[in-house]
Structures are given as C-alpha cells and as structure tokens.
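Visitor: Generate the whole structure from the sequences, applying the supplied hints.
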Amino acid sequence: MSGHMIEDRLQELNITLPAASQPAAKYANFVIVGDLMYVSGKGPSGNPKGKLGIDYTTEQGYAFARETALEVLAVLQSALGSLDKVKRAVKVQGFVNASAAFEEHHKVLNGFSDLLLEVFGDKGLHARSVFGAVSVRDNLPIIVDTIFQIET
Amino acid sequence: MSGHMIEDRLQELNITLPAASQPAAKYANFVIVGDLMYVSGKGPSGNPKGKLGIDYTTEQGYAFARETALEVLAVLQSALGSLDKVKRAVKVQGFVNASAAFEEHHKVLNGFSDLLLEVFGDKGLHARSVFGAVSVRDNLPIIVDTIFQIET
Amino acid sequence: MSGHMIEDRLQELNITLPAASQPAAKYANFVIVGDLMYVSGKGPSGNPKGKLGIDYTTEQGYAFARETALEVLAVLQSALGSLDKVKRAVKVQGFVNASAAFEEHHKVLNGFSDLLLEVFGDKGLHARSVFGAVSVRDNLPIIVDTIFQIET
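Residue numbers (my numbering), protein chains in the order written: chain A, 1 to 152; chain B, 1001 to 1152; chain C, 2001 to 2152.
No wet-lab data here; the hints were simulated from the structure.
From a predicted model like this one, the values you see are computed outputs, not experimental measurements.
Incorrect hints may appear among the rest.
With a cut-off of at most 35 Å between alpha-carbon atoms, the simulated DSBU-like pairs for lysine-lysine come out as follows [to be verified]: (1) B:Lys1087 to A:Lys123; (2) A:Lys87 to B:Lys1123; (3) A:Lys85 to B:Lys1087; (4) C:Lys2123 to C:Lys2026; (5) A:Lys123 to A:Lys49; (6) A:Lys87 to C:Lys2085.
Here are the simulated distance ranges between beta carbons [what the hints assert, rightly or not]: (7) A:Ala19 to B:His1004: 48 to 54 Å; (8) B:Thr1016 to C:Gly2034: 32 to 38 Å; (9) A:Leu13 to C:Ala2019: 50 to 56 Å; (10) C:Pro2018 to B:Gly1034: 32 to 38 Å; (11) A:Gly46 to B:Thr1057: 39 to 45 Å; (12) C:Gly2034 to B:Gly1046: 35 to 41 Å; (13) C:Gly2003 to A:Lys87: 48 to 54 Å.
Here a beta-carbon is modelled for each residue, glycine too, at the ideal position from N, C-alpha and C.
Guide: Shown next as structure tokens:
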C-alpha cells in the first residue's frame, strides 16, 4: 500500500510504470496552465518502428497504445508526485502511423483509453479523436497527445 | 419558435440537427472543464467512405464538413440543452482523409466554418487548422475536433 | 530600444517579424479565452510548396519551421501590441507535409522550438508533438498549431 489510491490500483492491476521518458528534443515533457496539464506527445516504450496496416496488426497497435498510456502516466506521476492529483482525463488525440488503407485507428487507440479507464475509473473518461499519420518521428507506430485536469 | 435564439436561427436556416451520435469506442462525446467544452472528433452523417483527391471532389468534401458541423452541434445541444449556452467557438481542427496530392483542405473545412458562422454569427468565429490524414477510422472523408466556450 | 523586452530581444537577434498574415479562409487568426490564446495554424512565409523526404531536406524543413514561428509571433504581436504580454508558450503541435518514409519530424519542428526559446527564454519552453501529414493545404511543407498563455 502506497497511501495513494491510484498507485494502489496500479499495483492491483500488476502495472509497473516505466521511468518518465525525456523529450526527444528541446521542449518540455508537460506544461501546466491553471488546472490543465498539457503532456507532450508520447509513444510506446522501447521505440518500436513500423506502420499499422503494413508492419503491425490492430491487436499489436492496441498493445502499443496501452504502453503509450503507461508512458503518459509516468510523466504525470513524475510531475505531480502521485496520480491521485489527477482530477480527470480531458482530451486524448491519437496519431497512428498507418497505411492509406488502414481503417481501425479507433480500435488501436482503445488500448490507450481502456488503460485510463482501468486506472482512473470514471475520472479516466475523456474526449477523444484519432487520425492516420503518413509518417511519425523515428517511425514510431503511434504518438498520443493528452490534456489532463489536475488538482492545484 | 423554441424560445431559444440559436434553435430559432436553425429553423430559419431550415436546418434540422441529427440525433447526437454516440462515441465509436470507449470514450466520452465531450468533456467540460471550467468553461471549455472539448468535443470528441466527429465525422459526417451516414458514415460515407473515401478520400478527398481520389473518391470525392472538394465540393463534396465541403458538404461533408458542413454535415460534420451539424453532428457537432447535435452533441452541443444534447449536452447543454440549448445552443444558446454556447458562448463562442474557440478552436476547430480538421483532418481530411486525403491523397498525397490534395491541396484544398482549407476549402473542404470551410463547409464546417461557414455553418458555424451562419448559426452562431460572430460567436461562431474560431481559430482553425486543417491537415491531410493518410487514413481515418472507417475510411471517413473527414473528422473534426472542436473546443467551445460555454456558459457555466 | 522599443521599451518592450521581447521586442528588444528580437532586435538583438536581428529578427524582423513579417506582417501578420491573414487567415486563408473564413476563420479568425486567433481566439482568446481566459488567459489562453489559440492561434490558427500557420505555415512558413512566401508559401513554399513541397514535402519533407521528397522535395526538402530536414535542414530546409528546420528553416521553414523557424519561419513559421516568426509568422506566429507576428500574429501575437499584432494581437497583443507587444510580445511582453506573452506569459508563456503552452502547446505546439506541428504537422509536417512528409513522405511515408520520413522519420525526422522532430528535427524539423526544432526550428520552431528553438526560435521560441531564443526569443522568450524559459517562457518559450512548451509541450509539443509533431506528426506527418499526407498532404497540406497549398502543399505547404509545414503547418504549426499553437496555444499561448497571455497576460489579461
């Protein structure tokens, strides 16, 4: 027991967060303005390379999106001290590195959304959108942009 | 006369809103934080399929973008009770399912912007951007992300 | 000496801002809500045409991203009277008009980020993400979306 509700929930779910990754270039991992926290775009752990519809199946994409959510949670925890400081997920925008014929972007991003709901419950429910990117830095399969409301 | 100014304006314009569509996956149709309402990405009614520059002309894309605006208004009306609660449109981000050679994304998104201006007048004026997506869920021709300021 | 700190800094850096460009269609150059300023998507000056990974090198893309930052600063200065009114850069989202094989989107957007840091110092540090667009209006090589916090 950590004394933190969400961290306890992570333990129940057998989820271990990675260390918060550092920005890929000269920008911040996050910016807090008022009670909104804008997190920089994150991808899955270990820098996998490839496109949905070509190199990866939708199921593999789902797993990458889930991993990406863990990367985002790692940034939140590192920035806020505890995930209990998250009041709610606000907006999730997913960019899937995809072929022109791919049509299951929403099923891929569900890996991200499901993880937020498992960890945060109703506070994890968010507005969302998802699109196909013709290419992504380092050929990552997905990058996700997020906004959270936090306790200040 | 509905007693609501914007709903009366819709009637004058002979616009009937569709029923608010439900999210395509496990997320919310919208999230309100402070006086900002983040609406999940919406596409045109009836789930048309195809790409601008390949399957559809710019004029058809304009019509799809206009329909998409009606889908967004339907979410706002369902969530807020009346469109009179909208203080202003803030940000519109359009993602056009397009070929690599397409160059008229802005003319497509004008269908969305024009509808907001017709319905809301000056309150419908918004910051905007538009991009070509290599592919979109269910091969929709366009998805639009929006942020509105609302009365709280 | 202009009496404005950031404008003086621009002079030291030998940077002359262009005139604020007008929207490419029926939307606003920016919307201010609370202390957040949403700036419409901007591209580099002079309407260059072409894709990264096909028509332009990463170095050329970096220069285009830097020019795009000047276009955004021109909008801020025109709207606010002085760049001293900028409290901080919040979020930068870059869309690079790119080939399917391009992998250096982040190095391109560094041209934008570096300029913000040079001009604003720590206040220029921002959350960020960048994606490959299959096509962009008028075949511009990059469009950047931004949110700033301003003094009200």
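Visitor: Are the hints correct? Go through all of them and say.
Guide: Cross-check of the supplied hints:
1. B:Lys1087 to A:Lys123: Holds - the C-alpha atoms of Lys123 of chain A and Lys1087 of chain B are around 26 Å apart, at most 35 Å.
2. A:Lys87 to B:Lys1123: 30 Å, holds
3. A:Lys85 to B:Lys1087: 30 Å, holds
4. C:Lys2123 to C:Lys2026: At roughly 31 Å apart (the allowed maximum being 35 Å), Lys2026 of chain C and Lys2123 of chain C satisfy the hint.
5. A:Lys123 to A:Lys49: Answer holds: Lys123 of chain A to Lys49 of chain A is near 32 Å, not above 35 Å.
6. A:Lys87 to C:Lys2085: 30 Å, holds
7. A:Ala19 to B:His1004: 48 to 54 Å: Holds, since Ala19 of chain A and His1004 of chain B (Cβ atoms, about 52 Å apart) stay within the stated range.
8. B:Thr1016 to C:Gly2034: 32 to 38 Å: 34 Å, holds
9. A:Leu13 to C:Ala2019: 50 to 56 Å: 55 Å, holds
10. C:Pro2018 to B:Gly1034: 32 to 38 Å: 34 Å, holds
11. A:Gly46 to B:Thr1057: 39 to 45 Å: The hint (39 to 45 Å, Cβ to Cβ) holds, given that Gly46 of chain A and Thr1057 of chain B are roughly 43 Å apart.
12. C:Gly2034 to B:Gly1046: 35 to 41 Å: Between Gly2034 of chain C and Gly1046 of chain B, where Cβ atoms are some 37 Å apart, the hint holds.
13. C:Gly2003 to A:Lys87: 48 to 54 Å: 41 Å, violated
Checked against the numbered hints given earlier, this structure breaks only hint 13.
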